[in-house]
Each structure stands twice: as C-alpha cells, then as structure tokens.
Amino acid sequence: MSVSGTADPKGARTHARAMAGTTVEAMPTVPADRTIDLPEGVTAGAMLWEETVAPGGYAAKELARGARLRLVDQRGDACLSMLVFNAERPVERLNIADTVKVQWNAYLGPGALLLSDMGRVLMSLLADNAGTHDTFCGPSSERSNARVYGDGGNWGAHPNARDRLLLGAAKFGLGRKDVHPCINWFKGVRVAPDGTTMLHAGPFEPGRALTLRAEMNVIVVLANCPHVLDPRSDYCVTSVRVTAWRGPLTPEDDPVRTATPEALRAFLNVEEYFRR
Amino acid sequence: MNDPALAGLPPEIVLDEVIPARAPWDHLVRTGETLRIIDLEGNQAVDFLMYAAHDDAERYSAQDTIASQRNIFLRTGSVLLSNEGNPMAEIVGTTVAYHDTIGGACSCESNTLRYGHHTKSQHACVENFLTSHARHGRGKRDMVSNINWFMNVPVEADGTLGIVDGISAPGLYLDLRARMNLVAVISNCPQINNPCNGFNPTPVRVVIACSGRY
Chain A
346 MSVSGTADPK GARTHARAMA GTTVEAMPTV PADRTIDLPE GVTAGAMLWE
396 ETVAPGGYAA KELARGARLR LVDQRGDACL SMLVFNAERP VERLNIADTV
446 KVQWNAYLGP GALLLSDMGR VLMSLLADNA GTHDTFCGPS SERSNARVYG
496 DGGNWGAHPN ARDRLLLGAA KFGLGRKDVH PCINWFKGVR VAPDGTTMLH
546 AGPFEPGRAL TLRAEMNVIV VLANCPHVLD PRSDYCVTSV RVTAWRGPLT
596 PEDDPVRTAT PEALRAFLNV EEYFRR
Chain B
228 MNDPALAGLP PEIVLDEVIP ARAPWDHLVR TGETLRIIDL EGNQAVDFLM
278 YAAHDDAERY SAQDTIASQR NIFLRTGSVL LSNEGNPMAE IVGTTVAYHD
328 TIGGACSCES NTLRYGHHTK SQHACVENFL TSHARHGRGK RDMVSNINWF
378 MNVPVEADGT LGIVDGISAP GLYLDLRARM NLVAVISNCP QINNPCNGFN
428 PTPVRVVIAC SGRY
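Respectively, the protein sequence lines represent chains A and B. The first sequence lines up with residues 346 to 621 when you count with my numbering. The second sequence lines up with residues 228 to 441 when you count with my numbering.
Bear in mind the hints are in silico, worked out from the structure with no lab data behind them. Think of the CB as a built atom: it goes at the ideal place given N, C-alpha and C, for glycine as much as any other residue. Please note that a few of the clues may not be correct.
[Stated by the list, open to error] Which residues of chain B face chain A? A partial, calculated answer using Cβ under 8 Å:
1) S288
2) A289
3) I293
4) R297
5) I299
6) F300
7) T303
8) G330
9) R362
10) M370
11) S372
12) G386
13) T387
14) V391
[As the list claims (entries may be wrong)] Covered stretches of chain B (in silico footprint by chain A; criterion: 3 or more residues with CB under 8 Å from a CB of chain A, positions within the stretch not fixed):
15) 243-257
16) 304-312
Please model the entire structure based on the sequences and the hints provided.
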C-alpha cells in the first residue's frame, strides 16, 4: 500500500501530473509571452525568454542577433558570471583580455562591448545602472567554495560558478575547455595602483539592472553564485531575473557602434561576417 | 657553469635554448624543475600559457590567479593557479618588478581593432600559440588569458589600461618552479604596433634546470 499512490505506473502518472501548475520563484515562464515582468516599451509578442535564476543556479540560452537581454539583480546581492559564444561556431567566444585591451578600459559600463577572440562584438551593453562589475577575478571553483563553505560541488548546498557554467555550456555540447574567462556582473572589482584588487561585494539596493544587445547569434551561459572573493562566511547570493526580447539590428548610426574607432571596426567586422 | 646568466639556478641544466624573435616554443617542465626566461635585449614581451601534462583541459587561469593573490600583477612569490584552482607553478624569483596577466595575446583579428585592417596580415601571438597547439592536439578552444612576461599594463583609477613602455632591460629574467608536470607554451611576441617589444621583436633565452637526476 503506497501512501502516495505510486505503486503502479498509472498511479505514478496521476501523481506526476498532479504537480502541474506549481509555481516557484526560480523557474522559466513558458511560454515567455505569458510574462510576469514585461519590460517597459516591449510587447508580450516580442518576448523570447523570461527566467528567474535561483541563488546558486544557472541558465543558458541561444539568442539571435538583435535580441535584448536584461539582467535584474532583484534583491541586490546577485553575482552573475557570464560566458558568451558565437552560436554558429562556438569556438569563437568572449575574450576578456581583448575586451579590456581593445577598449582601453577594464571597467564595464554603458556602451561597453563584449568582444570575441575574432575581433568582433558579440554583445554590447546598452544600459547599466549597477556600475559594479568584474572582469578580473573569474568564477568561484569547487576548490575555492570548499575553502569557504566546506563544500562546493554542484550536488550540494554551495554550488560553484565554474561548474555551473560548465553545466550550462555542456547543454550546448561544449565542455571543460570551453569554460573561458568570464565576466562577473553586479559585484564590482577595482584595481589599486599597486595592482591590488578591491571587491565591492554589496549588498546593494534591489533592482539594479543592465541590458545587453546581441550583435551576433550568441549562446549566453549564466551562473549565479557568490563572488570568489566574497568576504562573508555564509553562501550569500540572491536571485536574478533574466528577460530577453526581439529587437532590431544595430543601425549604422548607432551611438555605441560609432563611439570609438575600435568599436566601429568591431561592428564592421561583424557586418562583414554576416555578408552572405 | 661560468655563465652569469645561469647564476642561482639548480645545477643540472635540462635545456638551454634561444627562442628566435617572433617564434613559438613549447616544452615539458617537470615538477620541481625551474624554467628561467631571460629577456636578452630588453623589453621583449613573452606570451606564456601552460597546461597540466596529464590533462590539458586543466590550464593556467589568469582569473583564478588574480583572485587568489588579490592582485593583477605577477611578482616573486606569485603562485600561478589552474582553472581547477590547483597550483601549477610559482615565481621563485624575478629581476623585473612585475609582469602582466590581463593584456592577453595579440591576434591578427584584435590587431584589426586596435590598429586597423592594414595589420591583419602581420604575424601575431595567437598564430604562434595555435602553431604550437596544433602540434599537440590542442587548438583554439585551448586559448585562454595568458601571461605576458616583461610586459607592462598599468590600470588607472578610472579603469583605463594599456600596454605602455616596458620596465624590463637586457639580461633581466624570471624563474618559474613547476608544482606539477606541465607543458609550457611560449609565443615570443612579434607585435610591432605597440611598445610591448620596444617596437622591435628580439630573441629570448629559456633554460630548464633541476637539482638532480631523476
């Protein structure tokens, strides 16, 4: 006698189907046009993706050129590590060194480009009211989490960002060699003249947000785990709302495209890539 | 052993080679061995990657190294970590104040952004790395943020950074002691559009030394 009624296949089916309609905070909205958080000025029909990423969680998605991707730090304590690949040929991927070197700046803000290792812009940062991001320190690892929290595996209570990124990448057939140096959104790292890294770990005010535009067809992989240098002994991280919608391709007179000679050449290289 | 350039190294010389200007190089460095890289003519950037010999999906990670030491510059005492967080090697001595690990490697493609499309045909560090990688079953997926020995990349208060005039000089060197068996891969940087090589790529000398026969 099974209390849950799952002793036979039909009973198990009834039990499984009875779960339908359950809502939790960290889940995707499917279909996305049933959005619970429609961005201003966006029609529901343009929605491509809406998902809340749990503390310690991850998500991955392919986005077409022109798509907008909004990331919201809902409670002010998120740390969202990101990988970006060219979806058509993932061996082209975000190159952090080129991103900071070509733009002559290591601190990401509005107008910043995320550059690939092929001299092209994968995504551009259209809006950002957070201002505290990190291109230096990379993801936490199982080893670094174990040092602080006692364990760091994906199967436990303290998942690490690197292995979360690995799982997201794996869903697209990618592997350990593809987990490239990442960006950490929302936690800020600045550099002192002697090279010392200074972390601004927050927590910050809730609702800080940034919006990216896909300049190529991309795979975005996101992991939401405490910053590797977060000084707190507890596993402190809060949820992220991820929203994507269709948008127009970048026009020739776009201010981000024309802002600098380096940016213009990065866009020209993208436009040349799509000359087909 | 009267060569002053070998002073301070363990007694057994495993390898002693000059890497020509603009050339790639790679070699196994075993646990406990010291790799010395000598900037023969001064201000020659030496782009450097390394891979665990037993599993090349484990490789040098600039970000793990920076986070671990809470500093972007590599100096004597810096422990170079892998993407798994394991110590791969330690800088046991260097006569240059600091080295870079945020500036990355020059490529034909990034050169088009930084200098213009007229530089696309010029030789670049990524070409060297890929040449070495292709000999060993590695490829473009194995390209990650590298070390630039003898290269100077300061970061200003507003985040502005750039490759600026070097702080190395003829004969200055660094000693790296391997903490695991690793494959060291070098691109002796061919860049001529910025000051990382003083606008004139030159040879460097590499020496691997150990304290006794195995």
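Against the structure shown, which of the earlier numbered hints fail to hold, in ascending order? Violated: hints 7, 9, 14, 15.
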